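Respectively, the protein sequence lines represent chains A and B.
Oh and the first sequence: position 19 is 472 in the working numbering, straight run, nothing missing.
Oh and the second sequence: position 15 is 24 in the working numbering, straight run, nothing missing.
Hints are not guaranteed to be accurate.
[Said to hold, decoys possible] No more than 30 Å apart at the CA atoms, straight line, and that leaves these computed lysine-lysine pairs for DSSO-like:
| no. | chain 1 | residue 1 | chain 2 | residue 2 |
| --- | --- | --- | --- | --- |
| 1 | A | Lys549 | B | Lys20 |
| 2 | B | Lys66 | B | Lys27 |
| 3 | A | Lys458 | B | Lys66 |
| 4 | A | Lys507 | A | Lys549 |
| 5 | B | Lys74 | A | Lys549 |
| 6 | A | Lys549 | B | Lys66 |
| 7 | B | Lys74 | A | Lys456 |
[Said to hold, decoys possible] The calculated label-pair distances, taken between Cβ atoms and stated as ranges, are:
| no. | chain 1 | residue 1 | chain 2 | residue 2 | range |
| --- | --- | --- | --- | --- | --- |
| 8 | B | Pro116 | A | Ala481 | 31 to 39 Å |
| 9 | A | Lys456 | B | Leu123 | 27 to 35 Å |
| 10 | A | Pro461 | B | Arg53 | 20 to 28 Å |
Note that these hints are calculated values from the structure, not bench results.
Predicted model, so just to flag it, every value in this text is computed and none were measured.
Built from N, CA and C at the ideal position, the CB exists for glycine as well.
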Amino acid sequence: GDKVKQSPSALSLQEGTNSALRCNFSIAATTVQWFLQNPRGSLMNLFYLVPGTKENGRLKSAFDSKESYSTLHIRDAQLEDSGTYFCAAAGTGGYKVVFGSGTRLLVSP
Amino acid sequence: EAAVTQSPRNKVAVTGGKVTLSCNQTNNHNNMYWYRQDTGHGLRLIHYSYGAGSTEKGDIPDGYKASRPSQENFSLILELATPSQTSVYFCASGDRDINQDTQYFGPGTRLLVL
Chain A
454 GDKVKQSPSA LSLQEGTNSA LRCNFSIAAT TVQWFLQNPR GSLMNLFYLV PGTKENGRLK
514 SAFDSKESYS TLHIRDAQLE DSGTYFCAAA GTGGYKVVFG SGTRLLVSP
Chain B
10 EAAVTQSPRN KVAVTGGKVT LSCNQTNNHN NMYWYRQDTG HGLRLIHYSY GAGSTEKGDI
70 PDGYKASRPS QENFSLILEL ATPSQTSVYF CASGDRDINQ DTQYFGPGTR LLVL
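The following block holds chain B by itself, in its conformation from the complex (with noise of 0.2 Å):
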């Protein structure tokens, strides 16, 4: 069975409204990331996370919070969305401390903010 799963898979917002992207993972892994996918940018890091508890900025952070509750979980909020973060968003684990040295990825979120 899927180890990072992603909800929802798809969501339309309004402009100015409140979005959670919620992401779980299986694998306890330490590390979790949120990336968004736009054409012509590949994936950039939003936030990520060491470890429940952790939230770190990433290179995109601005129009977005995260939030890391537990060891599963990873949560992206943004508090007053904007059509420009209209995009696909990937959540990712990985932990290399125990030699698990790959990013493992959620299915994606596809976003569309009107």
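Just chain A, with the same shape it has in the complex (with noise of 0.2 Å):
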């Protein structure tokens, strides 16, 4: 099965809403990243965690390592988050990050 796991995976929203994407681990993982692909392919680091949360601007992600959770939360969507938004995560020994299939996010006017 899947070690990582993302929901939904696509999402279309309205311009100023918000929401909330999630990753589940069926792995021990120890850290998470999470990284926006955008419409022409380029990734993007958004976040790297260590259990706890981390707030940039409109997004703000948590990471809980002892439930196997990982959640980015947007706020007041715009019209450029749109794209592919992955979660990796890395478990013990760390250099070895396993991929979610990604959210497919389309933010509408």
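Assembling the complex is the task here: the two chains are given apart, and the hints tell you how they should meet.
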């Protein structure tokens, strides 16, 4: 089965609304990264997390290693937030990172 | 300027041919990675490296070799390309040892094997 399962697989939002993306892990994840792949294909780092939370502007992410999940909250969604969001987890040993299949987000006016 | 670059950006190869994808990073990161991205699979790790001279197998290494001749350069080699290797390939660098703890990706290489 999937070691890193993302939900939902696709999401449509109207501008100005809020939503949350989720990753569940079946591996003993110690760190989590969130990335955004824009419609042109470029991958951008959003967050790197050890257990806890981080916030950056309209984005906030949390990682609970005991419950094996991470969330990415998007507040006041904007058109430029559209793209595919990936989470990636690493376990003990650190270097082998496992990606989820992504959440495709479309923000509309 | 971009810290992780890849070449070529697009490549068409024939089945059985040899393909070399190159990656260069100016981040001075110890770790470098090669992933492929296919619809429905996200990114999957092919090979990675801890530093010059080191190559390690990732999750899907079969059919691929890697070479890390220097801190800056990490190549992915397909000795006998097959159509199943048609994909988008991403290189990344990272260095957790000095608390630079995120992966930085190149722009990707689109490979089509006919």
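Here's how the hints hold up against the structure:
1. A:Lys549 / B:Lys20: 27 Å, holds
2. B:Lys66 / B:Lys27: Given pair Lys66 of chain B, Lys27 of chain B holds - Cα atoms ~20 Å apart, limit 30 Å.
3. A:Lys458 / B:Lys66: Status holds; Cα separation ~23 Å.
4. A:Lys507 / A:Lys549: 23 Å, holds
5. B:Lys74 / A:Lys549: Given pair Lys74 of chain B, Lys549 of chain A holds - Cα atoms ~17 Å apart, limit 30 Å.
6. A:Lys549 / B:Lys66: Holds: Lys549 of chain A and Lys66 of chain B sit about 9 Å apart, inside 30 Å.
7. B:Lys74 / A:Lys456: 25 Å, holds
8. B:Pro116 / A:Ala481: 31 to 39 Å: 33 Å, holds
9. A:Lys456 / B:Leu123: 27 to 35 Å: 33 Å, holds
10. A:Pro461 / B:Arg53: 20 to 28 Å: For Arg53 of chain B against Pro461 of chain A, whose Cβ atoms are near 21 Å apart, the range 20 to 28 Å holds.
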